[in-house]
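K.L.:
Below, each chain spelled out in residue letters.
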Amino acid sequence: MIKAIDGGIRLIGNQVVNGVWRFGSATRFMGHVVSQTMLGFRRPRLLLDQVFFSGVLSLIIIIISGLFVGLVLGLQGYETLKRYGSAEALGTLVALALVRELGPVVSALLFASRAGSAMTAKLGLMKSNEQLSAMEMMAVDPFARVIAPMFWGGFLAMPLLAAIFSAMGIFGGYLIGVVILGVDTGAFWSQMQASVDLRYDVVNGVIKSVVFGAAVTAIALFEGYDSPPTAEGVSHAVTRTVVTSALAVLALDFVLTSFMFTGF
Amino acid sequence: MQTENVVEVDNVRFGYGSRVILNGISMSFARGKVVAIMGGSGSGKTTVLRLIGGQLKPNAGRVQVMGKVVNQLGHDELYALRRRMGMLFQFGALFTDLSVFDNVAFPLREHSDLPDSMIRDLVLLKLNAVGLRGAHHLKPAELSGGMARRVALARAIALDPMLIMYDEPFTGLDPISVGVIANLIRKLNDALGATSILVSHDLHGSMPILDYAYIVSGGTIRAEGTPQEILNSEEPFVHQFVHGLPDGPVPYHYPSPGYAEDLGLGVT
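Which chain is which? The protein sequence lines are V and B, in order. For what it's worth, my numbering labels the leading residue of the first sequence as 1474, then goes sequentially. For what it's worth, my numbering labels the leading residue of the second sequence as 3, then goes sequentially.
These are computed hints drawn from the structure, not numbers from a lab. All C-beta atoms, glycine included, are put in the ideal place defined by N, C-alpha and C. It is possible that part of the hints are untrue.
[To be verified] Pulled a few chain V residues facing chain B out of the computed Cβ check, cut under 10 Å:
{"#": "1", "residue": "G1504"}
{"#": "2", "residue": "E1561"}
{"#": "3", "residue": "R1587"}
{"#": "4", "residue": "S1606"}
{"#": "5", "residue": "M1610"}
{"#": "6", "residue": "L1654"}
{"#": "7", "residue": "D1657"}
{"#": "8", "residue": "A1660"}
{"#": "9", "residue": "Q1664"}
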């Protein structure tokens, strides 16, 4: 019995020490990334390539998902609002749900699974194929040339993807509510315009997507760089990227929502 | 070896935790020579290259390259020194998203402001030297192992380095490709007036082009000398290594309890 308790305590202690160790490594890693940022801004092509890699290549999944989320929101919202005789408020419901929550959160989750996993796999394979070492030996710092531009590319792409997701969602809500279910067009748009505040709703949504973008990209890059240089190591790193990013996005969303919308 | 030494490794110790990889080794690499570091798998050969390139730092001792102590250099000084080095990795380490041309052009574009036309001429010159000018448009995935190694060699010499390091350049190649790569190493070294350090366990491919060789095992140097001196060495490990004997100082069996004990025989 005592042996089992002792084993359990050791296991927990080991996990805590490993967690703190990895957090410290990740912090140092991000410090290095930020300190090597300038090359990406001196050579905008490097940055644009990464915006393309993580942003443009994620567009299809973002557009389709945004549309379907909007369609579902329109259907569910209409059914609920109709009970209270306020179906015209559908535009407000769809827009607030998307701009404040679903846009940043769902697009961050999709970004983690599409672009985050790709970033981890790319970096992990570059490491296992010695491409990063080769770069170092050619006197080219991989942090400056590859990793920092990847970080800022993801950082810039994520808010844009969230905006596109929300726009497509609103369009989906419009299709269902106005075109199919017969909500008045003027009421749909005017109520939305009247109730969505630029600073309180839109800017806070953008801030969320920026924070999520930074978190997901940082996790993806660290996992890729830190992965053991084997097929199994890279595979585990990709899995960890998706899982850790999803948990981080949801936890950060709770914290940010607490500060932004409930006045904690 | 009377000429000036481009690289000096002086009493270097290196290990991971309690696991010792190099135990106080000293080597020198003279200008213009092709020198090999040979030994079995896991003997620390590649570690020596990484110490010379500054990718690892020794626990003790000194690594000096072109008059600078590598393990005391800061980030910018180390990167400046690396511009005068070239390294060929075991499997080429080509950038898989770039074409052959762009791989060779990579160091030129990163370290110079040369116009595109001049970069094109230089890249084609380097590719021609390794016989692959006609393959400049291919992607690394379209190359054979030997071709990939030659492209990586062209990339390693793109900046006309003073020191070229080769990490197992013959691994996984057919005999013709081994001969091609070996000849290129010798010819490029002589043409550039560089110094080459060749890490390999391939005696057949390496010996004909070497000026000098070190044989390492267990973190120490077991023998050094000209290829002929190495081939004639009576040192037990070197003898086993050179003649490819299955048993000797390097045992055939991994340490284990008695066979009968493992099979459960004779135990009451």
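K.L.:
Of all the hints given earlier, name the ones this structure violates by number, lowest first.
P.N.:
1, 2, 3, 6, 7, 8, 9
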